[in-house]
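Those protein sequences? They're chains A and B, same order as listed.
Just so we're aligned: the first sequence equals residues 1 to 223 in the UniProt record's numbering.
Just so we're aligned: the second sequence equals residues 1 to 307 in the UniProt record's numbering.
Keep in mind that the hints were calculated from the coordinates and are not lab data.
Keep in mind it's a predicted model, so treat the numbers as computed, not measured.
Incorrect hints may appear among the rest.
[To be verified] Label-pair ranges, simulated between beta-carbon atoms:
1) A/T140 <-> B/G232: 37 to 45 Å
2) B/P247 <-> A/S107: 49 to 57 Å
3) B/R91 <-> A/E146: 51 to 59 Å
[As the list claims (entries may be wrong)] Output of the computed footprint for chain B on chain A, the stretches with three or more beta carbons under 8 Å from beta carbons of chain B:
4) 3-11
5) 37-48
6) 118-125
7) 193-206
[To be verified] Selected chain B positions facing chain A (in silico; Cβ < 8 Å):
8) P21
9) G22
10) A24
11) G27
12) L168
13) P170
14) G189
15) E233
16) S236
17) G238
18) V270
19) L304
Where is the CB? At the ideal position from N, CA and C, for every residue including glycine.
Now for the letters of each chain:
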Amino acid sequence: MTPDLLRYGEGALLVELGGLAEVIALYDALTGDPPRGVTDIVPAARTVLVRFEPPASHDTVASAVRCACAVRQGGVLPADAPEVTIPVVYDGADLAAVAAHTGLTESEVVAAHTAASWTVAFCGFAPGFGYLVGGDPRLTVPRRAESRVRVPAGSVALADEFSGVYPRESPGGWQLIGRTETVVWDTHADPPALLRPGVRVRFTEATGDERGDAGMSEGARRG
Amino acid sequence: MAELEVLDTGPLTTVQDLGRPGRAHLGVGRSGAADRGALRLANRLLANPEGAAALEVTLGGLRVRAHGRLVIALTGAPCPATVTDASGRNRIIGHQSVERLPDGATLWLGVPGQGLRTYVAVRGGLDVPEVLGSRSTDTLAGLGPERPSPGSLLPVGPPPRTHPLVDLAPLPWSAPGRLGELVLEVLPGPRAGWFHPGALRALCAEPYAVTADSDRVGIRLSGPRLERARDGELSSEGMVPGALQVPPSGRPTLFLADHPVTGGYPVIAVVRDRDVDRAAQARPGQRVRFRPSPAMRAASAVRLGPP
Numbered sequence: 001m002t003p004d005l006l007r008y009g010e011g012a013l014l015v016e017l018g019g020l021a022e023v024i025a026l027y028d029a030l031t032g033d034p035p036r037g038v039t040d041i042v043p044a045a046r047t048v049l050v051r052f053e054p055p056a057s058h059d060t061v062a063s064a065v066r067c068a069c070a071v072r073q074g075g076v077l078p079a080d081a082p083e084v085t086i087p088v089v090y091d092g093a094d095l096a097a098v099a100a101h102t103g104l105t106e107s108e109v110v111a112a113h114t115a116a117s118w119t120v121a122f123c124g125f126a127p128g129f130g131y132l133v134g135g136d137p138r139l140t141v142p143r144r145a146e147s148r149v150r151v152p153a154g155s156v157a158l159a160d161e162f163s164g165v166y167p168r169e170s171p172g173g174w175q176l177i178g179r180t181e182t183v184v185w186d187t188h189a190d191p192p193a194l195l196r197p198g199v200r201v202r203f204t205e206a207t208g209d210e211r212g213d214a215g216m217s218e219g220a221r222r223g
Numbered sequence: 001m002a003e004l005e006v007l008d009t010g011p012l013t014t015v016q017d018l019g020r021p022g023r024a025h026l027g028v029g030r031s032g033a034a035d036r037g038a039l040r041l042a043n044r045l046l047a048n049p050e051g052a053a054a055l056e057v058t059l060g061g062l063r064v065r066a067h068g069r070l071v072i073a074l075t076g077a078p079c080p081a082t083v084t085d086a087s088g089r090n091r092i093i094g095h096q097s098v099e100r101l102p103d104g105a106t107l108w109l110g111v112p113g114q115g116l117r118t119y120v121a122v123r124g125g126l127d128v129p130e131v132l133g134s135r136s137t138d139t140l141a142g143l144g145p146e147r148p149s150p151g152s153l154l155p156v157g158p159p160p161r162t163h164p165l166v167d168l169a170p171l172p173w174s175a176p177g178r179l180g181e182l183v184l185e186v187l188p189g190p191r192a193g194w195f196h197p198g199a200l201r202a203l204c205a206e207p208y209a210v211t212a213d214s215d216r217v218g219i220r221l222s223g224p225r226l227e228r229a230r231d232g233e234l235s236s237e238g239m240v241p242g243a244l245q246v247p248p249s250g251r252p253t254l255f256l257a258d259h260p261v262t263g264g265y266p267v268i269a270v271v272r273d274r275d276v277d278r279a280a281q282a283r284p285g286q287r288v289r290f291r292p293s294p295a296m297r298a299a300s301a302v303r304l305g306p307p
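Based on the provided sequences and hints, a complete structural model is requested.
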C-alpha cells in the first residue's frame, strides 16, 4: 500500500489509506514498534493519525510510516489477536426496524449478528466505544433518523457497516438490537477498554439468565 | 495532610494537569489544561513537576480556604486576587508570583479584566485521585475527578524537594485585551484541498468573532463562510487541538483541550501549538484574526512528497 501522508499542524501526520484493512495493518505495525517521539496513534475508517513530539518530526514519522506500510502489505490481523465473547439479549428497541430494513426476520438478524466474526477497527465517539467491522453485509443499516438522547450502557447496536456496544449511557443514533451485561469500559481496569483496535468479537445469544459479565475477566483484557 | 477547601467555584472550575496522552486509540482524548503554558509556568514557579494538577478557573469567582500552610501561584488570565487571613485581614496578591496562603486563610478571585482562564497552582500539586493516569477533567468524555463544588476538599500533595528559585515571573500577558484582536498563526490543514481555492485566504482575510457557544471542547467562530470545493462525506478521522474544523455552516470551530478524538468534518487549517494556548484565553465576543504562518506563506505542501 502507498499511503498519502498529510501534514496536520506542527505535531501530527494524517495517513490516508485505501480502507479499513490497510488501517488495521498500519495501526498494528506502528503500535508493535512505535517510532520514537510518537505519543498517539489513532486509527479511523480510512486514516491513521500519528501525533508526535520532538525529537520526532514530520519527516522522521513519515519515513517510519512508509517503512511500516512496506512491511505490512496485507490487511491480515495477527493470529494472536485477542478474542472476546459477548452474550447479548436480543430485545433492542430497533430490532423490528432493522429486520424491516434488511428484509430479514428478527431471528435472521440475530443469526447473522451472532454468526459473524467481528473485529474492532477503531474507537471513537466515546471512551471505549469500538467500531466493529467484518459483519454480515446484509446487516448494513442507516443510523436512526433521530438520535436518542439516552441510550443505556450495554446497548448493542448497528449503523452503516458497523456494530458497537455503548460503553456508558450516552446519546446515540445507532439502531439498537439488544443489550449485554458485559462491561466494555472500566476506568479502573488496565486497559480500560475491552473493545480495543484489533480485538476480535463474537456475539452469542443469551437467554435471560446467562447474560454473564465474563468480558472484563477474560484474557482479552490482559492481552 | 494539607487540603484546599472549595467555598465557591464561579462559572466553571475544574482540576487539570497535562492530560492523558497515549489513549486516543481507545476513544480517550488528551484533555488537560486549556492553556498548557500557563499551567506549566505556575508549576515551575512553585518548583512542582510541570504537569502537577491545579485548578483551572473560568472567569473568576473562585473562593477556596487553606487547611494547612500552602504556597500558591496564579497564572493565565490576570484577575484581582485577595487573600483573607484567619483574623480577617485582607491582602491583594500578585499574578505570576509565589504567594503564601496561611492555614485558615481564604483566596478569592475576581473576574479577569482580560483573558478567560486563570490557573491556581499549589506547591505539592492537587492530589485528587487519578483517572486513567491523569487528574484532568475531560468535559466532553465525562472523565476525571469529581468537579470541585462548594464543600469539596482537595488534598494537596507533599511539597517537592526543590524550592522555588524566583518569586515572580515577569512575563507579559501574550493574549490581547478585551478589545484587541487576537492574532493566531495557522498552517494549512490536512483537508485544505476540500475547500474552494480562495478559502484559506478568506480564513485569513477578515477577523472572526468568538461566539458564546465556546467551551473547553472548542471555540465556535462567527465570520466569513468557508466554501467547500467538493461535496460528500468525510469518514471520521483523528483530530488535534488547534484544528479548524468546518461544519456545513461554513463557519469554523477551533478545537481546544477536550476536542473529540475523531471528527467527520474537514479540517481546513491548524493553529500553531503555541497559539492554541492563547486561543484558550479568548473570551466570547473577542475578535480573532488568523494569519498564515511563515511556513504556510512559503507554500509548503500539505502532502509530503516521496522520500
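Which hint numbers doesn't this structure obey? When the structure is compared with the hints, numbers 1, 2, 12, 13 and 15 turn out to be violated.
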